[in-house]
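Colleague: Chain by chain, the residues:
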Amino acid sequence: MGKATTSARNGTFLGRLTGSKNGLGLIFMLPAATFLLCFLTYPLGLGVWLGFTDTRIGRAGEFIGLENYIWLLDDPVFRLSVFNTILYTSVASVLKFGLGLWLALLLNEKLPMKSLFRAIILLPWVVPTVLSALAFWWIFDSQFSIISWILMKWGWIDTPINFLGDPTNARAAVIAANVWRGIPFVAISLLAGLQTIPASLNEAAALDGATSWQRFRRITLPLLTPIIAVVMTFSVLFTFTDFQLIYVLTRGGPVNATHLMATLSFQRAIPGGQLGEGAAIAVAMIPFLLAAILFSFFGLQRRKWQQGGAD
Amino acid sequence: MATVGFRNVRKAFGSVEVLHGVSFDIEEGEFVVLVGPSGCGKSTLLRLLAGLEHISSGDILIGERVVNDMPPKERDIAMVFQNYALYPHLTVGENMGFSLTLANRPKSEIAEKVGPAAEILGLSNLLDRYPRQLSGGQRQRVAMGRAIVRDPQVFLFDEPLSNLDAKLRVSMRAEVKNLHQRLKTTTVYVTHDQIEAMTMADRIVVMQDGIVEQIGAPLELYDSPANLFVAGFIGSPAMNMLSGRIDPDNSSRFISKEGVALPIGRPLVETPKGGAIYGLRPEAMRLGGDVRLKVEVVEPTGSETHVIGRLGGVEVVGVFRDRIEARPGDEIGFSIDTTATHLFDAASGKRVSI
Ligand SMILES: Nc1ncnc2c1ncn2[C@@H]1O[C@H](COP(=O)(O)OP(=O)(O)OP(=O)(O)O)[C@@H](O)[C@H]1O
Ligand SMILES: [Mg+2]
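From first to last, the protein sequence lines stand for chains A and B. For the first sequence, this note's numbering assigns the number -7 to the initial residue and increments by one for each residue that follows. For the second sequence, this note's numbering assigns the number 68 to the initial residue and increments by one for each residue that follows.
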């Protein structure tokens, strides 16, 4: 009887659709897919479209092809912002990785009040970005900076450091702020990864004669790579698209030394009114982001040792 | 190869002491099995010897050296963990040669040492596999291989067979023993399976709640258990225990609380002051005799017959070489091999010499 129903169903298209597992899955996915399409793709599509027009605030634009992009290629400020973004992302990501891993390793040791330390580590992350940016703004203030004040007290320097007024200092300052803010995510995620590594592996390695550096190099690090790949992909994406910190701290100054693509895009589009051009700058970030995602995609592929049966 | 010594070793985790002064010595090349119920501190003792935990007081000696503060990597000890602890990102060959890689040995030397070890364990054609791609028994062998390649002073095994199925366990048991006979390395083997202990050990250390109850050769423990705990722990099915007292009129007779009279064999040198406990091995019961057993369950295993019944109300298990066709409720008569009876002081639990 079961057979009869099946063949009857096979007759119509709908019957075939509901009869097959994939077809049924498609039907169930439809609402979610529609939702995603409307709310995720539409703004993205609109942004891309704007990049091909000369829209300004208050005036509908016309399609002008690649003109925005060609113009941007020759724009020294845009080029500087690309350089800044890459510098900012790479330096900050490397620092966040290094310090985050170090913190995670520390927190993974047996130490008293471990959970308290773990909670404290999370603080920079739970504070609203704008608030921490304001705090840093104050820390980096050209006259009242606490860092300058302490260094002057100790007699190391005579005049306050011009943190945000000098291009090199400003770059270092925003990177420091970003690192401070990004470390918790990296540290806590890596800590979670570390805790999935059975203690007996490290014990076995210790008995096999490994020094603590060898244990880290040959056991911990290789087993942590899958998680490092995920965490650092996210970290790079967050850093590359960072906006709030820069906008509060420097607004891209001095002389565009800290302008990132995101801040430049906003500045051109909203205060500057050139929506089309701003959109084009934002769209220009997409290839970089895609590259990061692809990198992690290949980095994340199951390694040979992860394949095969369960444990 | 080396001797191992424990001198009044204590270990506390925080305020909880789990080992209360353990002392014994292991001779060079000896195969010693630690047995005891779960949580009695076997693994802890092993980890102390390996240097993975710090002792709270006492001394541990390897060879003639006190190693209390020596880090694990200097102790020259190889350990096979219960979960094998194979490095998942290294192949079988790399796992086995890991210690040599760490010591920056040339590839040719590593291959030279890994090859024969793999040969012994039948792993030669699995050297390029990853641990995930192996069966439980194969993983267990890799873990052993990793230890063999080290050629250490002492082998430690922490319940290495407990994850295997019954059949594989029996064959691995023989393999481990074989290996020891070939390599003659001092070995400490932890298990809570008394059959494993009996079949593999040169000497058995029986532990309970952080103290050593008895140390001796397997048959020594079986034939003259020092106390009730060892008596109940060694032997399968477990020894039957009946409480009662010695017949005041005939000190070679025991009378259980229910009034069943059982022979002791010889008159006692000293009678326990309070009550006594009579230990009757299931194997010491012989069919035909005047002790009456009321049958409840008959379990033929083929080679022998297990009979569970009541002896004056107390449940007793008997193992007979004969085929018995009794039905529940029947009574069978049996006699007792008095060379294999045991008597314990009810108050202290200690063995009373007969
Ligand atoms: N790291 C630890 N912290 C606190 N208590 C511990 C720790 N390790 C073991 N213990 C305690 O020590 C006692 C002995 O543990 P151990 O692991 O040595 O038992 P075991 O004899 O190996 O048992 P099993 O047969 O179940 O493996 C247990 O009561 C356990 O709770
Ligand atoms: Mg254990």
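Keep in mind the hints are simulated off the structure, nothing from the lab. Nothing here was measured: the structure is a model prediction, and the numbers come from that model. Glycine is no exception: its CB is placed at the ideal position from the N, C-alpha and C atoms. Treat the hints with care, since some could be wrong.
[Stated by the list, open to error] As a list, the in silico DSSO-like pairs of lysine-lysine whose alpha-carbon atoms are at most 30 Å apart: (1) B/Lys174 x B/Lys251; (2) A/Lys106 x B/Lys174; (3) A/Lys102 x B/Lys140.
[Said to hold, decoys possible] Per label pair, the in silico range of CB-to-CB distance: (4) B/Ser124 x A/Pro152: 55 to 63 Å; (5) A/Pro190 x B/Ser238: 46 to 54 Å; (6) A/Thr217 x B/Ser370: 31 to 39 Å; (7) A/Lys13 x B/Ser370: 50 to 58 Å; (8) A/Phe109 x B/Met68: 44 to 52 Å; (9) B/Pro183 x A/Phe226: 43 to 51 Å; (10) B/Val83 x A/Phe287: 25 to 33 Å.
Colleague: Run every hint past the structure and note whether it holds.
Modeller: Hints and how they fare:
In summary, the hint linking B/Lys174 to B/Lys251 is supported, as the alpha carbons are separated by about 27 Å, within the 30 Å threshold. Between A/Lys106 and B/Lys174, the direct Cα distance comes to roughly 42 Å. Violation of the 30 Å bound is thereby established for this hinted pair. Of the supplied pair hints, the one linking A/Lys102 and B/Lys140 holds, its CA atoms being roughly 20 Å apart against a limit of 30 Å. Roughly 59 Å separates the CB atoms of B/Ser124 and A/Pro152, a value that falls within the hinted 55 to 63 Å.
The beta-carbon spacing between A/Pro190 and B/Ser238, approximately 27 Å, falls outside the hinted interval of 46 to 54 Å. Taking 31 to 39 Å as the suggested C-beta distance range, the pair A/Thr217 and B/Ser370 does not conform, at roughly 55 Å. Separation of A/Lys13 from B/Ser370 is about 54 Å and conforms to the stated range, judged on CB atoms against 50 to 58 Å. Distance hint for A/Phe109 and B/Met68: a CB-CB separation of about 46 Å, consistent with the stated range 44 to 52 Å.
Evaluation of the 43 to 51 Å hint for B/Pro183 and A/Phe226 yields a pass: the beta carbon distance comes to about 48 Å. For B/Val83 and A/Phe287, the Cβ-Cβ distance of about 50 Å falls outside the hinted range of 25 to 33 Å, so the restraint is violated.
Consistency with the previously given hints fails for numbers 2, 5, 6 and 10, ordered from lowest to highest.
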